[in-house]
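Listed below, chain by chain, are the residues.
There are 2 protein chains.
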Amino acid sequence: MTRERLYLYDTTLRDGQQTQGVQFSTAEKVQIATALDALGVDYIEGGWPGANPTDSAFFDAAPQTRARLTAFGMTKRAGRSAGNDEVLAAVMNAGTQTVCLVGKAHDYHVTEALGITLEENLANIGASIAHVVAQGREALFDAEHFFDGYRDNPDYALAACRAAMEAGARWVVLCDTNGGALPADVGRIVAEVIAAGIPGDRLGIHTHNDTENAVACTLAAVDAGARQVQGTLNGLGERCGNANLTSLIPTLLLKEPYASRFATGVTFEALAGLTRTSRMLDDILNRVPTRQAPYVGASAFAHKAGLHASAIVKNPATYEHIDPAQVGNARIIPMSNQAGQSNLRKRLADAGLTVAPKDPALGRILDRIKAREDEGYSYDTAQASFELLAREELGQLPAFFEVKRYKVTVERRKNKYDRMVSLSEAVVVVKVDGEKRLSVSESLDESGSDRGPVNALAKALAKDLGQYSAVIDDMRLVDFKVRITQGGTEAVTRVIIDSEDGKGRRWSTVGVSANIVDASFEALLDAIRWKLIRDVRR
Amino acid sequence: MTRERLYLYDTTLRDGQQTQGVQFSTAEKVQIATALDALGVDYIEGGWPGANPTDSAFFDAAPQTRARLTAFGMTKRAGRSAGNDEVLAAVMNAGTQTVCLVGKAHDYHVTEALGITLEENLANIGASIAHVVAQGREALFDAEHFFDGYRDNPDYALAACRAAMEAGARWVVLCDTNGGALPADVGRIVAEVIAAGIPGDRLGIHTHNDTENAVACTLAAVDAGARQVQGTLNGLGERCGNANLTSLIPTLLLKEPYASRFATGVTFEALAGLTRTSRMLDDILNRVPTRQAPYVGASAFAHKAGLHASAIVKNPATYEHIDPAQVGNARIIPMSNQAGQSNLRKRLADAGLTVAPKDPALGRILDRIKAREDEGYSYDTAQASFELLAREELGQLPAFFEVKRYKVTVERRKNKYDRMVSLSEAVVVVKVDGEKRLSVSESLDESGSDRGPVNALAKALAKDLGQYSAVIDDMRLVDFKVRITQGGTEAVTRVIIDSEDGKGRRWSTVGVSANIVDASFEALLDAIRWKLIRDVRR
Numbered sequence: 001m002t003r004e005r006l007y008l009y010d011t012t013l014r015d016g017q018q019t020q021g022v023q024f025s026t027a028e029k030v031q032i033a034t035a036l037d038a039l040g041v042d043y044i045e046g047g048w049p050g051a052n053p054t055d056s057a058f059f060d061a062a063p064q065t066r067a068r069l070t071a072f073g074m075t076k077r078a079g080r081s082a083g084n085d086e087v088l089a090a091v092m093n094a095g096t097q098t099v100c101l102v103g104k105a106h107d108y109h110v111t112e113a114l115g116i117t118l119e120e121n122l123a124n125i126g127a128s129i130a131h132v133v134a135q136g137r138e139a140l141f142d143a144e145h146f147f148d149g150y151r152d153n154p155d156y157a158l159a160a161c162r163a164a165m166e167a168g169a170r171w172v173v174l175c176d177t178n179g180g181a182l183p184a185d186v187g188r189i190v191a192e193v194i195a196a197g198i199p200g201d202r203l204g205i206h207t208h209n210d211t212e213n214a215v216a217c218t219l220a221a222v223d224a225g226a227r228q229v230q231g232t233l234n235g236l237g238e239r240c241g242n243a244n245l246t247s248l249i250p251t252l253l254l255k256e257p258y259a260s261r262f263a264t265g266v267t268f269e270a271l272a273g274l275t276r277t278s279r280m281l282d283d284i285l286n287r288v289p290t291r292q293a294p295y296v297g298a299s300a301f302a303h304k305a306g307l308h309a310s311a312i313v314k315n316p317a318t319y320e321h322i323d324p325a326q327v328g329n330a331r332i333i334p335m336s337n338q339a340g341q342s343n344l345r346k347r348l349a350d351a352g353l354t355v356a357p358k359d360p361a362l363g364r365i366l367d368r369i370k371a372r373e374d375e376g377y378s379y380d381t382a383q384a385s386f387e388l389l390a391r392e393e394l395g396q397l398p399a400f401f402e403v404k405r406y407k408v409t410v411e412r413r414k415n416k417y418d419r420m421v422s423l424s425e426a427v428v429v430v431k432v433d434g435e436k437r438l439s440v441s442e443s444l445d446e447s448g449s450d451r452g453p454v455n456a457l458a459k460a461l462a463k464d465l466g467q468y469s470a471v472i473d474d475m476r477l478v479d480f481k482v483r484i485t486q487g488g489t490e491a492v493t494r495v496i497i498d499s500e501d502g503k504g505r506r507w508s509t510v511g512v513s514a515n516i517v518d519a520s521f522e523a524l525l526d527a528i529r530w531k532l533i534r535d536v537r538r
Numbered sequence: 001m002t003r004e005r006l007y008l009y010d011t012t013l014r015d016g017q018q019t020q021g022v023q024f025s026t027a028e029k030v031q032i033a034t035a036l037d038a039l040g041v042d043y044i045e046g047g048w049p050g051a052n053p054t055d056s057a058f059f060d061a062a063p064q065t066r067a068r069l070t071a072f073g074m075t076k077r078a079g080r081s082a083g084n085d086e087v088l089a090a091v092m093n094a095g096t097q098t099v100c101l102v103g104k105a106h107d108y109h110v111t112e113a114l115g116i117t118l119e120e121n122l123a124n125i126g127a128s129i130a131h132v133v134a135q136g137r138e139a140l141f142d143a144e145h146f147f148d149g150y151r152d153n154p155d156y157a158l159a160a161c162r163a164a165m166e167a168g169a170r171w172v173v174l175c176d177t178n179g180g181a182l183p184a185d186v187g188r189i190v191a192e193v194i195a196a197g198i199p200g201d202r203l204g205i206h207t208h209n210d211t212e213n214a215v216a217c218t219l220a221a222v223d224a225g226a227r228q229v230q231g232t233l234n235g236l237g238e239r240c241g242n243a244n245l246t247s248l249i250p251t252l253l254l255k256e257p258y259a260s261r262f263a264t265g266v267t268f269e270a271l272a273g274l275t276r277t278s279r280m281l282d283d284i285l286n287r288v289p290t291r292q293a294p295y296v297g298a299s300a301f302a303h304k305a306g307l308h309a310s311a312i313v314k315n316p317a318t319y320e321h322i323d324p325a326q327v328g329n330a331r332i333i334p335m336s337n338q339a340g341q342s343n344l345r346k347r348l349a350d351a352g353l354t355v356a357p358k359d360p361a362l363g364r365i366l367d368r369i370k371a372r373e374d375e376g377y378s379y380d381t382a383q384a385s386f387e388l389l390a391r392e393e394l395g396q397l398p399a400f401f402e403v404k405r406y407k408v409t410v411e412r413r414k415n416k417y418d419r420m421v422s423l424s425e426a427v428v429v430v431k432v433d434g435e436k437r438l439s440v441s442e443s444l445d446e447s448g449s450d451r452g453p454v455n456a457l458a459k460a461l462a463k464d465l466g467q468y469s470a471v472i473d474d475m476r477l478v479d480f481k482v483r484i485t486q487g488g489t490e491a492v493t494r495v496i497i498d499s500e501d502g503k504g505r506r507w508s509t510v511g512v513s514a515n516i517v518d519a520s521f522e523a524l525l526d527a528i529r530w531k532l533i534r535d536v537r538r
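First to last, the sequence lines map onto chains F and B. Oh and the first sequence: position 246 is 246 in full-length UniProt numbering, straight run, nothing missing. Oh and the second sequence: position 509 is 509 in full-length UniProt numbering, straight run, nothing missing.
Just chain F, same shape as in the assembly:
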């Protein structure tokens, strides 16, 4: 059976940059474009040349891509020719193979926002698209506010699309600019547009997530016949974001009726890199990845309910709609007080610990986890601390070193310039290979700012561990989360620390205490011990 071609158009670098708090550098845009090309999208919208200095710089620095690099702009203003519109000229000057121009399709916006006649607007659309095509470029027309416009004045909204199509636009993109359209409306209207003579294989769909329906509106448009899908990685975009390609791509490739019906430029091999691509974008933005993100989130294949977890062990398909490996993600069966021994063995195996069924250590490990959860610990994410606990029960935890004591001082006072300043200092005493070692560190960073008692403690602890100091040299603390929770009848502090090393490993550890410094110290200790287990030659 021949599958129809469905085109993917990414606008992470343009609409995605409209996300509050997002501003890509040119180098970051290059990195993202390269990743998008490797993923296999058909179009990469790079920005609006002339409107934004980094956008212009990106087109100068753009990498060679198989995907069509696209410059975004708007249709020419009234009262001048397309060739004499300097805004449009800046867009053309980026020299891209493809150009996408946004124009008004909603009559209200033409008369109110632009203040021109409806006829002038149609003429501007036609002339602008014709200008792009005459210069040998592929042209797209973004019909802004199409769905709102179609509800108010369907004839005019269609006329705007026809003006673009007749001028030679390869694609007319129906945009739900306000994000308020619902899937049933989008499906019905796209079908009506096709019935009115604009063929589906020239129609694109561009939706926003203001009602949490951007993905569904996109699928409804595809169901109705649209053959180009616009969106962004991780659903970045103005307000609530654009349609999320990170969710749409696996749905289109893996799920019916789409998988059998359509072909895209994304291979199954590239799809297996999707989770990594999504996390890379979060890294660039310095965002914590959304755990619950469909397909790529750390929790997307995490099975917490006891009922589910026990069935998953028998057959993953019982509670998973796809195989997580297809999108480069992984199954997680967290320990919970409902989980049984078979889940535990699976999780131990993930940590490289093989334990026979019915080994009495399994019961002891479960009991200790249960007791610790009652104290406020949580091993859902802290896999490294879970492993250490299990190793202890299995007699597979080397001692490495012993902490004899520590002392941290936090002080705030006026300095000689009469400004209040704070400073922390930590002393740690450890015993390594029979020898006692004292280390002291303070909490100031390179710029002389106080980073607090946990920072001082982490530095003092790492400072002199004898033979182990070299082993942990490439380790660094990358995240630190604090939560006040219940431990028995008292409020306690739970600290989760994420660490990384030079080998690209990343691991999480947990500490709990009524004393926040002590909870942090416990998580730090676990982080170091986990690393030593991996890298100390014995």
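Just so you know, these hints were derived from the structure itself, not from any lab. Think of the CB as a built atom: it goes at the ideal place given N, C-alpha and C, for glycine as much as any other residue. Mixed in with the good hints there might be a few duds.
Calculated Cβ distances over 12 angstroms to all of chain B for the following chain F residues [to be verified]:
#	residue
1	123
2	360
3	450
4	474
5	519
Simulated DEER-style distance windows between Cβ atoms [unchecked claim]:
#	chain 1	residue 1	chain 2	residue 2	range
6	B	402	F	435	42 to 50 angstroms
7	B	197	F	23	52 to 60 angstroms
8	B	421	F	537	33 to 41 angstroms
9	B	197	F	317	26 to 34 angstroms
10	F	23	B	396	37 to 45 angstroms
11	B	53	F	260	45 to 53 angstroms
12	B	53	F	38	34 to 42 angstroms
Starting from the known structure of chain F, fit chain B onto it as the hints suggest.
Just chain B, lined up with the frame of chain F:
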């Protein structure tokens, strides 16, 4: 026109608790149930009594609600009567008006997971529901894996539903347990179920967000005739979460065709509290609220694109699908603070501070809030710290006392019994009425346990404030939240402290610093100053 009744069923306390990393305390469950009831949902599923100690405790402590409190459980096991199934008995013993039992609707799960015959499963469903009804309770049947089951064996999936309905279930809830069903399938299948004789006004829909379509699948089911909608606040839930009621409720109340067609228990007044309810849940979970969340996110009505922002000033409807005030949210236009000033005056009035329009202090207060938010502060919940900041700009903040310096020591070492113990000690130096006063406290509570450095600091600070000590004597710290956030380019710690006094007041203050002890100290100081403003006779 008479509108049809659509019922809202919240499962934040049950399925929401399956979110990785989420574990509510009983007090938190009570707080959430109270908020759900104020919102106006029809059913509050409180948990699985017997399966989880905090769930059982919650039903004992449950608040009086207008909404029907619902206990969740599973249909009886084979080989015993419903009356003799101790798992079911624990559910019934919670004494709720409504009981929801989950059972298998997918033939594969019956034979593989349960290991019983298809007929036995139907008998178990019927007998369990009949048992609930016979005890005078309202019964719901959650048809687990219904959509997958219907695809494999539609007759059996329907038979499971019919067994429940014929036994007297008020609602049969079609569950997409794996989250893999797409909206078009859900709509078609729900229509087929209704055509097969199960009326829409007895059908509920329960979806998961594994393809980012949970909200759309729910709407598709409602379009097809289902009249009960299940979901969670903020879309909490197993894996990628459940259908997000925080998105669904405003869509159902404000957008067509739903607004004209359906009535729910949510009033427009309650809807205006939605943003606050959503943020409250994030506070309880100590999560950073999702900026891009539909309707309630801080970015949901933020207009960054230059084109959009200028049009918004002319007419908000140009780029907004609803008025943000309808859901208690606010428009953000980065270039203008015109809207800001009237909101600010409203909030100052809430704190008892009357400021004339156009008072230049308004601009200064807005600027300081903006600058502090850039440093990592948040005044969403910390109304008391907001008031202090405003009073300072308005020249209405008495000095009371001055902190000259403090010093906290945290020490961990072996005690005389060779056990590791920790102890914190704080020294605070303040100047009150021209007189310097030194106080020292340690961190041990009545039982001799270390409560950490912040506890020691709070006690030392309150110990001797001269004439003010008597005023703050009835004050106590009731909650303490810590979050790592971004302040400029560095990670900083934000501490929010909730305090209470003998007059029944409760107030929140915020402190931010790279040093967690210092951030806590700042929030403590604000808490005391706010109390002194209220209660010092001048």
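Cross-check of the supplied hints:
1. The Cβ of residue 123 (chain F) sits about 21 angstroms from the closest Cβ of chain B, beyond the 12 angstroms cut-off, so the non-interface label holds.
2. Distance to chain B confirms residue 360 (chain F) as a non-interface residue, since its nearest Cβ pair spans about 25 angstroms, more than 12 angstroms.
3. Look at residue 450 (chain F): its CB is around 5 angstroms from the nearest CB on chain B, not clear of 12 angstroms, so calling it non-interface is violated.
4. Here residue 474 (chain F) stays apart from chain B, with its beta-carbon at least about 21 angstroms from theirs, past the 12 angstroms limit.
5. Listed as outside the interface, residue 519 (chain F) is inconsistent with that label: its C-beta sits roughly 9 angstroms from the nearest C-beta of chain B, within the 12 angstroms cut-off.
6. Checked against the given bound of 42 to 50 angstroms, the beta carbons of residue 402 (chain B) and residue 435 (chain F), roughly 48 angstroms apart, stay inside it.
7. Remark: the range hint 52 to 60 angstroms for residue 197 (chain B) to residue 23 (chain F) is upheld by a beta-carbon distance near 57 angstroms.
8. Look at residue 421 (chain B) against residue 537 (chain F): about 36 angstroms separates their beta carbons, and that is inside 33 to 41 angstroms.
9. At about 30 angstroms, the CB distance of residue 197 (chain B) to residue 317 (chain F) agrees with the hint of 26 to 34 angstroms.
10. At about 38 angstroms, the CB distance of residue 23 (chain F) to residue 396 (chain B) agrees with the hint of 37 to 45 angstroms.
11. At about 48 angstroms, the CB distance of residue 53 (chain B) to residue 260 (chain F) agrees with the hint of 45 to 53 angstroms.
12. Against the hinted window of 34 to 42 angstroms, the Cβ-Cβ separation of residue 53 (chain B) and residue 38 (chain F) comes to about 49 angstroms, which falls outside the hint.
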